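J.: Read off the chains here:
There are 2 protein chains.
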Amino acid sequence: MIDGKTMDVNEVDSAQGFTCPLPINNHERILLAHGGGGKLTQDLIQKIFLLQLKNEFLLQLHDGAVFSINGSRLAFTTDSFVVDPIFFPGRDIGMLAVNGTVNDLAMCGARPLYLSIAFILEEGCPMHDVRRVVSSVQEAAKKAEVIIVTGDTKVVERGKCDKMFINTSGIGVIEPGVDINSRRARQGDKVILSGRIANHGIAVMSTREGLEFETELRSDCAPLHGLVEAMFHVTKDIHVLRDPTRGGVASALNEIAASARVGIHLHETTIPIAEEVEGACEILGFDPLYVANEGILLALVAPKEADLVLAAMRKHHHGLHARIIGEVVRQHTGVVTMKTKIGGTRVVDMLSGEQLPRIC
Amino acid sequence: MIDGKTMDVNEVDSAQGFTCPLPINNHERILLAHGGGGKLTQDLIQKIFLLQLKNEFLLQLHDGAVFSINGSRLAFTTDSFVVDPIFFPGRDIGMLAVNGTVNDLAMCGARPLYLSIAFILEEGCPMHDVRRVVSSVQEAAKKAEVIIVTGDTKVVERGKCDKMFINTSGIGVIEPGVDINSRRARQGDKVILSGRIANHGIAVMSTREGLEFETELRSDCAPLHGLVEAMFHVTKDIHVLRDPTRGGVASALNEIAASARVGIHLHETTIPIAEEVEGACEILGFDPLYVANEGILLALVAPKEADLVLAAMRKHHHGLHARIIGEVVRQHTGVVTMKTKIGGTRVVDMLSGEQLPRIC
Numbered sequence: 209m210i211d212g213k214t215m216d217v218n219e220v221d222s223a224q225g226f227t228c229p230l231p232i233n234n235h236e237r238i239l240l241a242h243g244g245g246g247k248l249t250q251d252l253i254q255k256i257f258l259l260q261l262k263n264e265f266l267l268q269l270h271d272g273a274v275f276s277i278n279g280s281r282l283a284f285t286t287d288s289f290v291v292d293p294i295f296f297p298g299r300d301i302g303m304l305a306v307n308g309t310v311n312d313l314a315m316c317g318a319r320p321l322y323l324s325i326a327f328i329l330e331e332g333c334p335m336h337d338v339r340r341v342v343s344s345v346q347e348a349a350k351k352a353e354v355i356i357v358t359g360d361t362k363v364v365e366r367g368k369c370d371k372m373f374i375n376t377s378g379i380g381v382i383e384p385g386v387d388i389n390s391r392r393a394r395q396g397d398k399v400i401l402s403g404r405i406a407n408h409g410i411a412v413m414s415t416r417e418g419l420e421f422e423t424e425l426r427s428d429c430a431p432l433h434g435l436v437e438a439m440f441h442v443t444k445d446i447h448v449l450r451d452p453t454r455g456g457v458a459s460a461l462n463e464i465a466a467s468a469r470v471g472i473h474l475h476e477t478t479i480p481i482a483e484e485v486e487g488a489c490e491i492l493g494f495d496p497l498y499v500a501n502e503g504i505l506l507a508l509v510a511p512k513e514a515d516l517v518l519a520a521m522r523k524h525h526h527g528l529h530a531r532i533i534g535e536v537v538r539q540h541t542g543v544v545t546m547k548t549k550i551g552g553t554r555v556v557d558m559l560s561g562e563q564l565p566r567i568c
Numbered sequence: 209m210i211d212g213k214t215m216d217v218n219e220v221d222s223a224q225g226f227t228c229p230l231p232i233n234n235h236e237r238i239l240l241a242h243g244g245g246g247k248l249t250q251d252l253i254q255k256i257f258l259l260q261l262k263n264e265f266l267l268q269l270h271d272g273a274v275f276s277i278n279g280s281r282l283a284f285t286t287d288s289f290v291v292d293p294i295f296f297p298g299r300d301i302g303m304l305a306v307n308g309t310v311n312d313l314a315m316c317g318a319r320p321l322y323l324s325i326a327f328i329l330e331e332g333c334p335m336h337d338v339r340r341v342v343s344s345v346q347e348a349a350k351k352a353e354v355i356i357v358t359g360d361t362k363v364v365e366r367g368k369c370d371k372m373f374i375n376t377s378g379i380g381v382i383e384p385g386v387d388i389n390s391r392r393a394r395q396g397d398k399v400i401l402s403g404r405i406a407n408h409g410i411a412v413m414s415t416r417e418g419l420e421f422e423t424e425l426r427s428d429c430a431p432l433h434g435l436v437e438a439m440f441h442v443t444k445d446i447h448v449l450r451d452p453t454r455g456g457v458a459s460a461l462n463e464i465a466a467s468a469r470v471g472i473h474l475h476e477t478t479i480p481i482a483e484e485v486e487g488a489c490e491i492l493g494f495d496p497l498y499v500a501n502e503g504i505l506l507a508l509v510a511p512k513e514a515d516l517v518l519a520a521m522r523k524h525h526h527g528l529h530a531r532i533i534g535e536v537v538r539q540h541t542g543v544v545t546m547k548t549k550i551g552g553t554r555v556v557d558m559l560s561g562e563q564l565p566r567i568c
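Chains as they are written, first to last, in the numbering used here: chain A, 209 to 568; chain B, 209 to 568.
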């Protein structure tokens, strides 16, 4: 990220394609930053996974895959959760695992139906922790109206994993007329953000670092399929949906800009953030645009429908703080810029290193 | 397991419901044996997972879940792989992960279609190991005729995982007329085993322990959907399919016997095993019936069709050594017995502890 550097929107045009000065391309070993959701994650995906596994589905680089079986359009997604600590304000790894996969399906425009869950447990992990997490899994599944239909459990020796890791995969069904795809971002589209940013990352980090604030900072972890359904009631023609988890709002928008070959311009003053979270970010030295979220989404919608979609979102309990935070622009293809509070314009680059390891 | 103890088939009837004398029910912490695929795994699943997540799908305790979406019957399955070491004779964790999930789908009677893959990588893991494993994943997917459509990558700090763990989940489609279910085991059904036992477990263990044999013992890791397809060509009315992975042939048959409330009786002399594997089991002190397999399956078929199914299996390259190894009997509900080589009859109980940790 480039902090404090300001430039004119038009000047930025020539900046496209610039990269971080760090040599990120030829690591001989896996770094923590390869899991950070930023440039190194992209690099690993592009240079190792896509190079070998290349196919039309993976190349979409979406939160899930969409395909048809006997005429039904289905979404399929997977996520492993390694959050540390496993319990944090706003709940735990179990709730995160269910909602994470529910949201990935919702971001494909699908109604989540069935989830799998696979545990990797560390020898010596307290049984009551397992019980507590499984109880959260059940509660989250019930709330999200999905069924955990299949599972797996592995145990590894003490010191070979960290208490527990969880994988959830999920299947959902996509209604006819719905076509969510990063590549559908169009010039003029409004960028809507459904709620306040950085809550999840800061809640986990403050627990991990033993920080205390006047009010407890809680993860925003929540299922978003209901909010998406409310948006579809207004129009099925939503172009892009994305939940800005690892790497935050900045990384998600950079991915969309790169994928659709468009520019995106944000207005910092419109980005909703809780005062205490903003304060915590300042103390911890984090740019909130790069901090992970687990209960908000970004939607790109044609301008003529944006206000109606926004109104519908605000009526939903997971969209009370929804705002239009920017728009898709003709200039600076692949680059995200932001008009800052003090009136300048800066580039909002993709996260280049590791900001918050094991945040989800 | 109860080794060497012999009794008459009819005597065994009264032994049903007996349990291992170890107090396995009230562990306060996770033990390695909770991941062994035996009694403690069952205990964990029953007392923690099923207690909370109870639903018609999970209660089937199958390798995967079967459900309908818009009239199509689909199978959905998940598996995490934590095998140690990640490279072993016969390939590596990547091939295992693809074939494991392909086989779980095939054991539901489904044609495998789409897989997800999620990596948890340890900081410091050599990039060429990642590259090598991903290359295996692609090769295995191609051979198994499935597409890896979606994925995820997480990285944890050095010492918080062991090089890499992989989760694969998968979706397959089930043809009309196919109804594979452990509960369908019927008195008289023949138990067919598709090939030689214990190859995978012994190959991994000998690598781990640095043992050398005259001929290299290789894992039998292979996709079995083609073999299942060949069997369906003879009859769609196969009652049960199961790949005896963790816990081996003994545990798989015990699960079937318990689930269908039938007895199963085996003939030791008919169970195919390679001479060098039998020798290795003796040296290492393993009962091959409990050793993990990754490329064989058990099928329960009505007696009138068993010979035809067997003949079809033997024509397939993954079924060359197929044999009828036993049958479903009226006596000793829930118990598996075996006529031993020396002519006695012994109970083949479920694995009660941990024999081979991290075998898959």
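Simulated from the structure, these hints should not be mistaken for lab results.
Because the structure is a prediction, the values reported are computed rather than measured.
Where is the CB? At the ideal position from N, CA and C, for every residue including glycine.
Certain hints may be false.
Footprint (simulated), chain A over chain B, 3 or more residues, beta carbon under 8 Å [said to hold, decoys possible]:
| hint | segment |
| --- | --- |
| 1 | 279-287 |
| 2 | 375-383 |
| 3 | 417-430 |
In the DSS-like style, the derived pairs of lysine-lysine whose C-alpha atoms are separated by at most 25 Å in a straight line are [unchecked claim]:
| hint | chain 1 | residue 1 | chain 2 | residue 2 |
| --- | --- | --- | --- | --- |
| 4 | B | LYS444 | A | LYS351 |
| 5 | B | LYS351 | A | LYS262 |
| 6 | A | LYS350 | B | LYS262 |
| 7 | B | LYS444 | B | LYS351 |
| 8 | A | LYS512 | A | LYS547 |
| 9 | A | LYS350 | B | LYS523 |
| 10 | A | LYS255 | B | LYS262 |
| 11 | B | LYS255 | A | LYS351 |
| 12 | A | LYS255 | B | LYS444 |
| 13 | B | LYS523 | A | LYS262 |
| 14 | B | LYS351 | B | LYS512 |
| 15 | A | LYS444 | A | LYS547 |
| 16 | B | LYS523 | B | LYS444 |
J.: For every hint, state whether the structure bears it out.
T.: We went through each hint and held it up to the structure:
1. 279-287: holds (count 7)
2. 375-383: holds (count 4)
3. 417-430: Violated, because only 0 residues of the segment 417-430 of chain B bring their Cβ atoms closer than 8 Å to Cβ atoms of chain A.
4. LYS444(B) to LYS351(A): violated (39 Å)
5. LYS351(B) to LYS262(A): holds (16 Å)
6. LYS350(A) to LYS262(B): Holds: LYS350(A) and LYS262(B) sit about 12 Å apart, inside 25 Å.
7. LYS444(B) to LYS351(B): OK: LYS444(B) and LYS351(B) at ~24 Å, within 25 Å.
8. LYS512(A) to LYS547(A): Between LYS512(A) and LYS547(A) the Cα gap is close to 23 Å, so the pair holds against 25 Å.
9. LYS350(A) to LYS523(B): violated (48 Å)
10. LYS255(A) to LYS262(B): This hinted pair is violated, its Cα atoms lying about 42 Å apart.
11. LYS255(B) to LYS351(A): With Cα atoms ~23 Å apart, LYS255(B) and LYS351(A) stay inside 25 Å; holds.
12. LYS255(A) to LYS444(B): violated (44 Å)
13. LYS523(B) to LYS262(A): Answer violated: LYS523(B) to LYS262(A) is near 34 Å, above 25 Å.
14. LYS351(B) to LYS512(B): violated (33 Å)
15. LYS444(A) to LYS547(A): It is violated: about 30 Å lies between the C-alpha atoms, which goes past 25 Å.
16. LYS523(B) to LYS444(B): Within the cut-off at roughly 18 Å; holds.
The structure shown violates the earlier hints numbered 3, 4, 9, 10, 12, 13, 14, 15.
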